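Asks: Just so we're aligned: 282 in the UniProt record's numbering is position 282 of the sequence shown, and the numbers increase by one with no gaps anywhere.
Hints are computed from structural coordinates only; laboratory data are not their basis.
On a predicted model such as this, the values are computed, not experimentally measured, just so you know.
Where hints are given, some of them may not hold.
To be verified - Pairs of lysine-lysine residues, derived as DSS-like cross-links and limited to a Cα-Cα distance of at most 27 Å, are as follows: (1) Lys373 - Lys347; (2) Lys230 - Lys183; (3) Lys219 - Lys233.
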Amino acid sequence: MYCEQCGTKNESGSAFCINCGAKLIQATSVPIEPEPVKSAEETKQLCPVCQVAYAPGSQFCENCGHALGQPSGQVAKATQAAEPISRQTLKQQAPAQHKRLWWLVGGIAVIGVAVGAGLYLNQPASQSVKQPTSTSSKKTTSAFKQSVNAAEAALAQDDYDTALEAYNQAWTTGTQTQQQSIKAKRSGLQVLKDSQALADQSDYQGVIDKIEDSGLLTKKGNVAYQPLQKLYKTAKAQVTSEKPLWGMSQSSELSSFMDSWGSTMHQSYQEYTDVDSVDMYGTQLPAALLSGDLKTEVDGQIVQINWSDDGTSESGYQIVAAYSDANTADYGAKHFYLFAIDNGQPKVLITMQNQGNNNHSIEFKETENQTLKNRFAEIVNDSTD
């Protein structure tokens with residue numbers, strides 16, 4: 001059976017031409033001569049790529065797979081059809097199409113990577129290093145706690161130097177918040193260390209100034225409060241003991257007072273020293289007492305006396321002045337005064353003894369005259385202010 005459209009011979013019973021896809025007219029009992037093949041000008045339903053005929057209504061070419069966009073009834077003229085393309089050509093074109101596809105996919109991938117990298121690089125630094133920062137923070141907290149624990153253990157043993165070293169170590173590893181939690185303790189221990197260094201150099205006034213300036217004498221909650229209190233009191237005692245309790249100005253004040261007070265008492269007093277004595281009923285005072293020829297007795301007790309220019313000798317009564325009216329008073333009415341400092345306390349001793357005794361001593365007692373007693377105390381205490 002021949003196709004009326006293209007003249008191709010088809011098997012008997014075929015419904016469509018195997019070449020052009022045209023519907024075949026079934027043969028009748030009367031043989032029909034096959035029509036001659038139509039000229040090239042006549043229309044054909046051919047694939048525009050490979051020029052192979054395709055069945056009407058086909059969406060893809062059975063030969064090359066080209067997508068057929070024409071309606072099933074549309075035909076193309078042979079003169080307008082593209083040049084036939086061999087299968088070899090199609091095979092060569094296929095890789096090119098694949099290459100273009102891969103280039104497209106690759107370009108999209110590159111753009112995606114670039115965009116992702118830009119977003120990553122532009123995110124906040126705290127997010128980009130979140131994990132390392134978290135790890136570092138944990139290590140810092142651990143080191144801080146270890147140092148603080150070491151400091152507290154040292155404080156329990158009253159080891160203040162070691163405690164300060166541990167707090168300093170904690171300070172270098174801690175955050176600002178953590179540093180604030182140990183700031184007062186660290187400062188107190190530093191003041192204690194500096195004050196102790198001054199004490200080791202016998203700079204007790206420096207110790208007093210350092211502690212007073214720190215304001216820690218009233219901070220009972222500070223770890224250094226108790227040791228600072230102790231060191232402060234020690235320094236105070238040292239300064240007091242080293243500071244002269246008597247001098248030229250105090251001697252001059254006492255001399256002026258004795259002149260006025262003596263006039264009030266209708267008595268005339270003369271000053272005497274360790275090298276200038278008065279005859280008191282045949283005994284040279286205070287020379288006999290200072291030399292030990294006669295003992296000094298106070299309220300029934302034998303005591304040691306020493307002449308002192310500043311009132312700071314270590315033991316016994318420190319005699320800083322002596323006054324008597326022996327040269328002007330009547331017999332039996334003569335007075336002899338020793339102005340002494342006993343353990344930092346001013347005392348005025350008086351004797352009117354006119355004869356010897358079995359103890360070979362001169363008996364003294366503290367004066368009962370409050371005016372004389374109080375004025376001497378004022379003069380001594382003014383020197384320590």
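Asks: Indicate, hint by hint, whether the structure satisfies it.
Replies: Quick rundown of the hints versus the structure:
Simply put, Lys373 and Lys347 have alpha-carbon atoms about 7 Å apart, close enough for the 27 Å limit, and the pair holds. A distance of roughly 22 Å separates the Cα atoms of Lys230 and Lys183; the hinted pair therefore holds under the 27 Å criterion. Among the hinted pairs, Lys219 with Lys233 is consistent with the structure: their alpha-carbon atoms are about 16 Å apart, no more than 27 Å.
When the structure is compared with the earlier hints, no violation turns up for any of them.
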